[in-house]
Amino acid sequence: MNTDKIENTLEIKDLKVEYRTKNLSVKALNGLNLKIKRGTTLGLVGETGAGKTTTGLSIMGLIPVPPGKVINGSIHLNGEELLNKNEKQMRRIRGKKVSMIFQDPMTSLNPVITIEDQISEVIKTHEKTSSGEAKKKACEMLELVGISSSRGKEYPHQFSGGMKQRVVIAIALACNPKLLIADEPTTALDVTIQAQVLEMMKELRQKYEMSMLMITHDLGIVAEVCDMVSIIYAGSIIEHGNLVDIFDKTRHPYTIGLFNSLPNMGDRTAKLKPIKGLMPDPSDLPKGCAFYPRCEYSMDICAKELPKAVYRNKEHFVCCHLYNSENISEGVLGFGR
Amino acid sequence: MEDKRLMLQVKGLKKYFKTPKGMLHAVDDISFDILRGETLGVVGESGCGKSTTGRAILRLIEPTAGKIIFEGEDINKLKTKEMRKKRKEMQIIFQDPFSSLNPRMTISETIEEPLYLHKIINNKRRRQDKVAELMDTVGLSRRLYNSYPHELDGGRRQRIGIARALALNPKFIVCDEPVSALDVSIQAQILNLMKELQIEFGLTYMFITHDLSVVYHFSDDIAVMYLGQLIEKASADVLFTKPLHPYTKALLSAIPIPSLHNRRGRILLKGEITSPIEPKPSCRFANRCRYVMEKCYKNEPELKEVEANHFVSCFLVKDDNI
Chain A
1 MNTDKIENTL EIKDLKVEYR TKNLSVKALN GLNLKIKRGT TLGLVGETGA GKTTTGLSIM
61 GLIPVPPGKV INGSIHLNGE ELLNKNEKQM RRIRGKKVSM IFQDPMTSLN PVITIEDQIS
121 EVIKTHEKTS SGEAKKKACE MLELVGISSS RGKEYPHQFS GGMKQRVVIA IALACNPKLL
181 IADEPTTALD VTIQAQVLEM MKELRQKYEM SMLMITHDLG IVAEVCDMVS IIYAGSIIEH
241 GNLVDIFDKT RHPYTIGLFN SLPNMGDRTA KLKPIKGLMP DPSDLPKGCA FYPRCEYSMD
301 ICAKELPKAV YRNKEHFVCC HLYNSENISE GVLGFGR
Chain B
338 MEDKRLMLQV KGLKKYFKTP KGMLHAVDDI SFDILRGETL GVVGESGCGK STTGRAILRL
398 IEPTAGKIIF EGEDINKLKT KEMRKKRKEM QIIFQDPFSS LNPRMTISET IEEPLYLHKI
458 INNKRRRQDK VAELMDTVGL SRRLYNSYPH ELDGGRRQRI GIARALALNP KFIVCDEPVS
518 ALDVSIQAQI LNLMKELQIE FGLTYMFITH DLSVVYHFSD DIAVMYLGQL IEKASADVLF
578 TKPLHPYTKA LLSAIPIPSL HNRRGRILLK GEITSPIEPK PSCRFANRCR YVMEKCYKNE
638 PELKEVEANH FVSCFLVKDD NI
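If you're matching them up, the sequences are chains A and B in order. Here our numbering is used: position 195 in the first sequence is 195, and no number is missing along the way. Heads up: take any position in the second sequence, counting from 1, add 337, and you land on our numbering.
Hints listed in this document are in silico derivations from the structure and should not be mistaken for laboratory results. Careful, some of the hints might be misleading.
As the list claims (entries may be wrong) - Each computed DSS-like pair below joins lysine-lysine, with the alpha-carbon atoms no more than 27 Å apart:
| id | chain 1 | residue 1 | chain 2 | residue 2 |
| --- | --- | --- | --- | --- |
| 1 | B | Lys416 | A | Lys271 |
| 2 | B | Lys416 | A | Lys202 |
| 3 | B | Lys416 | B | Lys341 |
| 4 | A | Lys271 | B | Lys532 |
| 5 | B | Lys532 | A | Lys276 |
| 6 | B | Lys607 | A | Lys136 |
| 7 | B | Lys532 | A | Lys153 |
Said to hold, decoys possible - Here are the simulated distance ranges between beta carbons:
| id | chain 1 | residue 1 | chain 2 | residue 2 | range |
| --- | --- | --- | --- | --- | --- |
| 8 | B | Ser484 | A | Glu133 | 56 to 62 Å |
| 9 | A | Gly79 | B | Arg480 | 37 to 43 Å |
| 10 | B | Asp366 | A | Pro66 | 27 to 33 Å |
| 11 | B | Arg463 | A | Lys271 | 31 to 37 Å |
| 12 | B | Asn599 | A | Glu133 | 57 to 63 Å |
| 13 | B | Asn646 | A | Gln206 | 41 to 47 Å |
| 14 | A | Glu133 | B | Ser596 | 18 to 24 Å |
| 15 | A | Asn110 | B | Glu419 | 46 to 52 Å |
| 16 | B | His455 | A | Thr187 | 56 to 62 Å |
| 17 | A | Asp267 | B | Tyr485 | 36 to 42 Å |
| 18 | A | Asn110 | B | Lys355 | 27 to 33 Å |
| 19 | B | Thr578 | A | Leu243 | 33 to 39 Å |
To be verified - Per the computed footprint, the stretches of chain A lying under chain B, defined by three or more beta-carbons under 8 Å from a beta-carbon of chain B, are:
| id | stretch |
| --- | --- |
| 20 | 10-17 |
| 21 | 195-205 |
| 22 | 214-220 |
| 23 | 234-247 |
Beta carbons are placed, not taken as given, at the ideal position from N, Cα and C, and that holds for glycine.
Start from the sequences and build out the full structure, keeping to the hints where you can.
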């Protein structure tokens, strides 16, 4: 199959994932839809417990089963269904076609193996190369992420946090994957180091022509590195669009709430307007719209019916009862006309 | 000579730690004032000594040298017993609400403990009333009275930390990254609460954080620290509009701004942070500075007041031209 023709590197449809225990089932993802076009970066934005990491893990086939269980849906990577692959097949995909980097670089590296060996391990697993060649490639990768290859024989504890995250990125990119999933890659880093790492990821993405899923809670990072944005709440996407759609034509009350919670860099004294209440308990989600108990604009229908997607343009959609095809382009909340 | 408006004066504070490789200069000779009812934000990257400073001020760790003058009294000279009394007036809120609460104590017990230990209210009944009142103040619903910390989310736990700090009616609170572990929507709730409490009780805060947009929103004055030293201090507006130190400029430019408009150019810092162990007498930022000159490697720049309430330590900044 010629995968170059396929427009979407990743396409997730109606994904439902639950974590089941004896007397409780936690609905982590509730019919999640996601699309990443070739060579673009999608930002997946949401709060703790919204299902961001579960989305990443589902793509990698790393949901712990049990208690986790994929109930429904499909995940297509370059047109290939991932959910019916067995473990052996998945192992050939992970690290080769799709890689994931995690929030905490301190725990993603093996402390007793040199970083050079950790990078060449992934190359040896996926490509038919000799140890020597794999080592050589590993050193190239190190240089690529801005670490002198002479440090390849060192161990993770000899590196700072920012450098460890660079090593993790080198491992993830060693086999030139089509999709990189970055789960809060810079949350554990200082701002100046974060700026370095983000800049580097942006360059590498272009160089390798890969697609990226950037999982984050930071809208500043999204504005910095992403092309498209999906806002996730209680396991489903509630608003999706490109940067202009989301930042300037914001429609969903939750997305607006997220922006209002951030300190205004233009006006120091502006009072923050937090979203009231807390995320719903995912083992006991409200019927209808999951956001309605916290929503300022909730109506009777919100408690009963799940809102369907209303499109403002070809890409930008919002799942909210406030909107219909007539008022969506103007907006009704006076935010981002 | 004592200025009534001064809440806290720190003079030449030092904290060194012994390590196998030599003395680690965690906090190296810093001085600043905090005025009554105001907030001093302290920002810097991990390892720059901001938390150590906060703890040394409360003498939770003993400073190596320096004076900490709280309402005109050098508390560094107080004996342990006297210091314990003083802490009624100086409290701290910690970053991680998950590890700073005792998992085996209920919420009411946690909030009640300081009242009991400091013998503020000896009558149990009245103490419990006070606990309920504190829970109302910080917005914890009374049904949580007998809950344990593991039953609560991060935002509510942080509210317990705040209630506990408020229990003793302090004048001064060190807030050590109080919202860093929280989601933005919850972060905004807690920041608003802390601001309301400041106005209601006339509190003075020292607000330690690495989040620059939070500190801008929250502080009157901001101090920037780098490797144990204070390199720039000014009012929040001046610091954000007219930063002078090259590190402050780089730090501000690195904030990811959640907007598509007014984007700034980024100053990317090269190189890694120099080691704080036995530092040589040079500018500690020299290795990463793009304006570095020869004298930066030889001498240590002093913190100078270049304008009223604008302090900076950099050879680039002369007294007359800014």
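Taking the hints in turn, this is what the structure says about them:
1. B:Lys416 with A:Lys271: The given pair, whose Cα atoms are some 42 Å apart, is violated under the 27 Å limit.
2. B:Lys416 with A:Lys202: violated, 56 Å
3. B:Lys416 with B:Lys341: Measuring from Cα to Cα gives roughly 25 Å; hence the hint holds.
4. A:Lys271 with B:Lys532: holds, 10 Å
5. B:Lys532 with A:Lys276: holds, 17 Å
6. B:Lys607 with A:Lys136: Judged against 27 Å, a Cα distance of about 26 Å means the pair holds.
7. B:Lys532 with A:Lys153: At roughly 51 Å apart (the allowed maximum being 27 Å), A:Lys153 and B:Lys532 break the hint.
8. B:Ser484 with A:Glu133: 56 to 62 Å: Given about 59 Å between the Cβ atoms, the range holds.
9. A:Gly79 with B:Arg480: 37 to 43 Å: Violated - the Cβ-Cβ distance for A:Gly79 and B:Arg480, about 53 Å, lies outside 37 to 43 Å.
10. B:Asp366 with A:Pro66: 27 to 33 Å: violated, 57 Å
11. B:Arg463 with A:Lys271: 31 to 37 Å: Roughly 35 Å apart at Cβ, these two residues keep to the hinted range, so it holds.
12. B:Asn599 with A:Glu133: 57 to 63 Å: At roughly 49 Å between Cβ atoms, A:Glu133 and B:Asn599 fall outside 57 to 63 Å, so the hint is violated.
13. B:Asn646 with A:Gln206: 41 to 47 Å: holds, 45 Å
14. A:Glu133 with B:Ser596: 18 to 24 Å: Between A:Glu133 and B:Ser596, where Cβ atoms are some 47 Å apart, the hint is violated.
15. A:Asn110 with B:Glu419: 46 to 52 Å: holds, 51 Å
16. B:His455 with A:Thr187: 56 to 62 Å: violated, 38 Å
17. A:Asp267 with B:Tyr485: 36 to 42 Å: holds, 40 Å
18. A:Asn110 with B:Lys355: 27 to 33 Å: holds, 31 Å
19. B:Thr578 with A:Leu243: 33 to 39 Å: violated, 26 Å
20. 10-17: Coverage by chain B is violated for the stretch 10-17 of chain A (0 residues, Cβ < 8 Å).
21. 195-205: Check passed, 4 qualifying residues.
22. 214-220: holds (count 4)
23. 234-247: holds (count 3)
Violated hints, in rising order: 1, 2, 7, 9, 10, 12, 14, 16, 19 and 20; the structure is consistent with all others.
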